[in-house]
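Peer 1: Here is what each chain is made of, one letter per residue.
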Amino acid sequence: MTDPRDRVFLARGLTKIYPMGEIEVRALRGVDLDLFAGEFVVLLGPSGSGKSTLLNILGGLDSPSSGAMQYGGRDLGVYDDAELTRYRREHVGFVFQFYNLIPSLTARENVALVTEIARNPLAPEEALTLVGLADRLDHFPAQLSGGEQQRVAIARAVAKRPEVLLCDEPTGALDVQTGIRVLAVIDRVNRELGTTTVVITHNAAIAAMADRVIHLSNGLIARIDHNTQRQAPDDIVW
Amino acid sequence: MKPLDRKLWRELWQMKGQAVAIMLVIVCGVAIHVMFGATLDALGQTRARYYQEYRFADVFAALKRAPESLRERIAALPGVAEVETRVVAAVHLDVAGFAEPITGRLVSIPDNRESRLNRLYLRQGRPPAADRDDEAIVSEAFAEAHRLEPGAKLRVVINGRRQTLTIVGMALSPEYIHQLRPGSMFPDYQRYGVLWMGRRALGVAYGMEGAFNDVVVGLTDARAAPDVIDELDRLLTPYGGLGAHDREDQPSHRFLSEEFRNITLSATLFPVLFLGVAVFLLNVVMNRLIGMQREQIGTLKAFGYGNGAIALHYLKLVLIVVLIGVAVGVFAGAGLGRRLAELYTMFFRFPFLDYRLSPSLVLGALLLNLGGAVAGTAFALRAAFALRPAEAMRPEPPARYRATVVERLGLQRLLSQPNRMILRHIERRPLKSLFAVLGIALACGVTMAGRFQEATITHMVEVHYKLSQREDLAVTFTEPTSWRAIGSLDGLPGVERVEVYRAVPVRLRFQHHSRRTTLKGVPPGGDLQRLLDADLRLLDLPSEGVLLTDYLGELLGVQAGDRLTVEVLEGSRPVREVPVVGLVKEYLGVAAYMDLAGLNRLLREGPAISGAYLAVDDRERSELYRRLGDIPRIAGTAIREQEIRNFHRTMEQTMLFFTFIATVFAVVIAFGIIYNSARIALTERGRELASLRVLGFTRAEISYILLGELGLLTLVAIPLGFIVGRGICTLFVDGARSELYRIPLIIHPSTYAFAATVVLASALLSGWLVRRKLDRLDLIAVLKTRD
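So the protein lines, in turn, are chains E and S.
When we follow this note's numbering, the leftmost residue of the first sequence carries the number 1, and every step to the right adds one.
When we follow this note's numbering, the leftmost residue of the second sequence carries the number 1, and every step to the right adds one.
No lab work stands behind these hints: they were computed from the structure.
Since this is a predicted model, take the numbers as computed values, not measurements.
One should not assume that every hint holds.
As the list claims (entries may be wrong) - Derived DEER-like restraints, expressed as beta-carbon distance ranges:
no., chain 1, residue 1, chain 2, residue 2, range
1, E, Arg119, S, Arg429, 50 to 58 Å
2, S, Leu715, E, His202, 47 to 55 Å
3, S, Leu312, E, Phe140, 22 to 30 Å
4, E, His202, S, Leu769, 56 to 64 Å
5, S, Leu769, E, Asp34, 54 to 62 Å
6, E, Pro46, S, Leu312, 36 to 44 Å
7, E, Arg26, S, Leu695, 50 to 58 Å
What the hints assert, rightly or not - A few chain S positions that, by computed beta-carbon distances, are all more than 12 Å from chain E:
no., residue
8, Leu4
9, Arg6
10, Leu8
11, Leu12
12, Arg234
13, Gln296
14, Leu343
15, Thr345
16, Ala386
17, Met393
18, Thr458
19, Gln469
20, Glu479
21, Ala534
22, Glu684
23, Arg771
Glycine is no exception: its CB is placed at the ideal position from the N, C-alpha and C atoms.
Please work from the sequences and hints to get the whole structure.
Peer 2: Structure below.
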């Protein structure tokens with residue numbers, strides 16, 4: 001599992017500084033991190049600890065201010081906009097806290113939006129079946145519950161068979177029951193498709209699902225826990 | 001269909017109200033562009049073909065009497081291709097059942113052959129038989145005005161002899177597209193007519209057998225005109241030549257050219273204005289619409305859609321709106337253009353109409369609109385693309401509001417919380433607020449441009465006919481006549497006052513400028529014909545020197561004190577130097593004025609006059625008209641009231657049709673702009689307002705916050721719109737100045753009121769439509785998701 005040949009991401013000395021008006025916000029202050037193929041990693045930390053910034057940099061949605069960020073041995077930091085776009089298109093699946101579905105498209109069409117431009121995708125119907133929404137294919141986002149919307153978002157993210165699945169607070173807007181269903185789907189994708197999965201949360205209970213738990217605090221990695229046994233989502237106590 | 005295209009159609013359907021409003025604005029801009037462009041093309045084309053096919057002459061000359069043998073010498077002049085000698089005379093006509101005096105012009109046509117120049121387009125009937133001296137063709141306009149059919153009889157006074165003519169046909173002529181009675185500026189088909197008779201018959205009647213008193217010349221090359229005119233003047237002076245001139249000084253052509261110039265002005269100004277406003281609006285709206293999609297753009301980018309694909313997606317949206325708008329606009333414009341061109345064809349009495357839609361017109365409209373829309377889209381997309389997807393998807397950071405100027409001035413106690421929100425919102429996005437204000441101001445200004453002319457025309461008439469030309473009746477003599485004529489006019493029934501004048505055709509020269517016009521001698525202290533200064537005060541006529549119409553002075557570049565060269569174009573054709581003593585304010589026509597005795601001295605002639613102005617007693621008008629008809633020396637009689645009516649009719653037939661269309665379109669554009677502003681504001685702030693509702697604000701309160709902003713911007717925009725409108729009107733007035741008329745820049749309060757009403761009504765209607773949507777805000781949705 002920790003064989004360097006399986007290393008997907010390599011981050012060294014990552015920093016990120018946002019100018020916010022007159023002050024500068026240092027979101028990341030020098031993060032070193034390796035992520036490995038098929039791993040389920042949870043990023044844990046309070047608000048403002050730098051979790052989302054790290055996730056965005058991993059996913060090519062943002063670039064570090066300094067430091068190296070490698071994916072598959074290639075430095076994302078030197079990618080231009082078009083290369084980052086291709087990187088996201090070919091390798092990364094995203095799940096956002098607020099789903100970010102296109103409101104004017106049905107569940108199936110939201111997934112098709114991504115399979116359309118992917119090289120070897122699942123069929124949208126297949127992806128939606130995977131997340132348990134085979135019977136909601138033609139519903140618009142407004143006709144779906146929050147949990148269902150998030151599952152559409154997961155189907156959309158995994159339909160392209162990405163190497164990496166990045167989830168930013170996927171259960172943040174959901175109740176416990178629904179949150180567990182969503183986590184179960186993510187867990188299943190990780191196990192069945194072998195997708196390297198990174199999940200942001202500030203809910204420590206979810207950490208039990210992961211192979212590794214990375215604790216972020218104030219822009220730095222505070223510590224990393226290894227779970228010897230991954231807990232099934234159903235067994236999580238919130 | 002690709003999911004992205006589905007998204008496109010669904011979103012287009014969702015914003016259909018706005019899309020339609022944008023399309024309407026495009027439709028108006030394009031329609032007016034196409035309407036005017038096509039009309040202008042058609043009129044130019046039609047006139048050119050008419051002139052060519054009916055051999056409109058290039059040079060014209062009237063004279064007293066010359067032997068036919070002179071024809072050969074004229075034909076031999078270099079540059080001359082065709083010569084037609086004619087007999088032309090002024091006549092009095094009598095139509096049964098029409099009491100007012102009718103004057104006309106008798107023009108000879110060759111017997112037994114087609115005329116070489118100024119051919120007639122015979123609408124009905126046949127040419128007069130060569131061996132008959134009582135047959136004539138009449139101009140169609142005159143025939144229609146009196147409902148004359150072939151076979152109808154017409155009583156005329158030819159050379160002092162009463163005679164009855166039989167109408168055998170009705171015709172049009174390129175020479176008399178506009179039939180203007182000498183001294184009149186606007187056509188009156190009831191009181192003035194053109195008749196054509198055989199050359200032999202007319203020659204006998206006027207003692208012109210083997211002679212002529214009018215000649216028209218066709219040139220091999222139009223550039224030869226100045227030389228031919230000089231040579232012709234040289235040949236004709238011994239025979240009483242009145243000065244040859246080219247088409248530019250031919251009354252019908254000149255009037256037509258001025259009309260064309262005015263149409264060209266409108267055809268340039270209005271489309272530029274309307275298209276400009278449409279393109280501006282398109283730019284702003286697209287910019288804001290796409291600005292609101294920034295989150296979706298971020299999501300698409302997160303999933304690996306490239307900038308190109310996303311740009312194409314939004315361009316398609318824009319293209320659909322623009323293409324539909326342009327297509328409908330071209331269709332509507334082509335239809336309106338045909339209608340307008342047909343109106344002009346009837347007005348000018350062209351025998352046919354060459355109407356076609358030129359591809360360049362359509363292409364121009366398309367490119368301009370596409371350009372505006374694409375620029376607005378590109379602008380917004382660039383802003384969206386500049387953001388990293390992570391940022392784009394993040395809710396916009398709480399906007400940096402701050403206390404407004406009003407609050408910083410310490411006046412916040414005067415403002416309620418909603419009022420503060422309105423002011424802060426306006427101040428936070430000053431550029432957006434400015435564009436919104438500018439859009440509404442443009443709408444307001446455009447509305448004024450379509451409207452202001454009506455009030456202005458009324459003012460022109462008031463000044464010209466009530467302050468300046470105050471006679472009831474004007475008579476012109478066939479040739480300069482001695483003062484004794486007054487005696488005979490004085491004694492006529494109902495005549496209360498007679499004021500005479502002398503009018504001489506002249507060419508005025510100053511430095512390199514020259515102008516052919518009329519020099520009028522008037523007796524000082526007149527009450528019927530008065531001269532006004534720039535402030536419309538009465539001007540005293542000096543005993544020496546000339547006064548010029550202000551516009552004529554401008555054309556010649558002279559000011560009071562300059563010395564002008566006056567070339568008299570009749571009689572012994574003297575050339576004199578005369579000082580300019582001042583300028584006269586006149587809205588209609590141009591002329592030079594002198595003291596009557598001074599003019600007689602200048603011409604070294606006795607006390608001769610060309611006509612007279614009469615004040616008459618209404619009760620004796622019909623008897624007076626009858627008696628005037630018996631005086632052969634009188635070439636024309638003009639009734640002032642009728643002149644005013646003719647003026648109004650001419651204006652209505654030409655200008656007011658398209659100002660009406662322009663007004664309608666301006667109203668549509670005003671509504672389109674304001675409705676879009678309101679809708680975009682609603683979309684941008686829907687969530688914020690729904691949150692306020694959740695917090696317990698009432699519908700009325702949140703409506704106030706949104707619509708209060710619209711209202712405030714509208715109120716700011718209206719005065720700005722007045723300034724814009726005044727600017728547009730100034731452009732129009734400056735461009736429309738011609739020797740025929742100058743429209744004064746007088747914007748009646750009703751014009752301002754109209755524009756303000758249109759803008760306010762549009763704002764109210766838009767507000768009501770938006771308010772209905774506000775009432776249906778989804779309060780749950782705002783709690784469930786973020787924006």
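Peer 1: Each hint needs a verdict: does it hold in this structure or not?
Peer 2: Tested hints:
no.: 1; hint: E:Arg119 x S:Arg429: 50 to 58 Å; in the structure: violated, 43 Å
no.: 2; hint: S:Leu715 x E:His202: 47 to 55 Å; in the structure: holds, 49 Å
no.: 3; hint: S:Leu312 x E:Phe140: 22 to 30 Å; in the structure: holds, 24 Å
no.: 4; hint: E:His202 x S:Leu769: 56 to 64 Å; in the structure: violated, 44 Å
no.: 5; hint: S:Leu769 x E:Asp34: 54 to 62 Å; in the structure: holds, 58 Å
no.: 6; hint: E:Pro46 x S:Leu312: 36 to 44 Å; in the structure: holds, 42 Å
no.: 7; hint: E:Arg26 x S:Leu695: 50 to 58 Å; in the structure: violated, 35 Å
no.: 8; hint: Leu4; in the structure: violated, 7 Å
no.: 9; hint: Arg6; in the structure: violated, 6 Å
no.: 10; hint: Leu8; in the structure: violated, 9 Å
no.: 11; hint: Leu12; in the structure: violated, 10 Å
no.: 12; hint: Arg234; in the structure: holds, 81 Å
no.: 13; hint: Gln296; in the structure: violated, 6 Å
no.: 14; hint: Leu343; in the structure: holds, 47 Å
no.: 15; hint: Thr345; in the structure: holds, 51 Å
no.: 16; hint: Ala386; in the structure: violated, 10 Å
no.: 17; hint: Met393; in the structure: violated, 6 Å
no.: 18; hint: Thr458; in the structure: holds, 55 Å
no.: 19; hint: Gln469; in the structure: holds, 69 Å
no.: 20; hint: Glu479; in the structure: holds, 84 Å
no.: 21; hint: Ala534; in the structure: holds, 60 Å
no.: 22; hint: Glu684; in the structure: holds, 16 Å
no.: 23; hint: Arg771; in the structure: holds, 23 Å
Violated hints, in rising order: 1, 4, 7, 8, 9, 10, 11, 13, 16 and 17; the structure is consistent with all others.
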